[in-house]
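**Q** Can you build the whole structure from these sequences, using the hints too?
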Amino acid sequence: MGNFDRGGGFGGRSGGFRRDFGPREMHKAVCSECKKECEVPFKPTEGKPVFCRECYAKKKGF
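Per the working numbering, residue 3 is the first one in the sequence shown, and the count goes up by one each step.
Mixed in with the good hints there might be a few duds.
Computed cross-link-like contacts, DMTMM-like style, restricted to lysine to aspartate or glutamate with a CA-CA straight-line distance of at most 25 Å [claimed, not checked]:
id, residue 1, residue 2
1, LYS62, GLU39
2, LYS38, GLU48
3, LYS50, GLU35
What the hints contain is simulated information worked out from the structure, not anything from laboratory work.
**A** Below, the structure written as structure tokens:
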């Protein structure tokens, strides 16, 4: 039988935490909900909604 121990299972990252703790590259976007300009830690994909921190929290119930 094969070896099923793949050493973490999360692409080598332990617990999902970032290791570098350096500044993230932020990208400008317009919130799909409130239409305010905001910055997000990922490059927005055309055709997919982007939410500012406040609108994201409302949608997730935080």
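**Q** Confirm or reject each hint.
**A** Going through the hints against the structure:
no.: 1; hint: LYS62 to GLU39; in the structure: holds, 20 Å
no.: 2; hint: LYS38 to GLU48; in the structure: holds, 17 Å
no.: 3; hint: LYS50 to GLU35; in the structure: holds, 12 Å
Every hint, counting from the list given before, is met by this structure.
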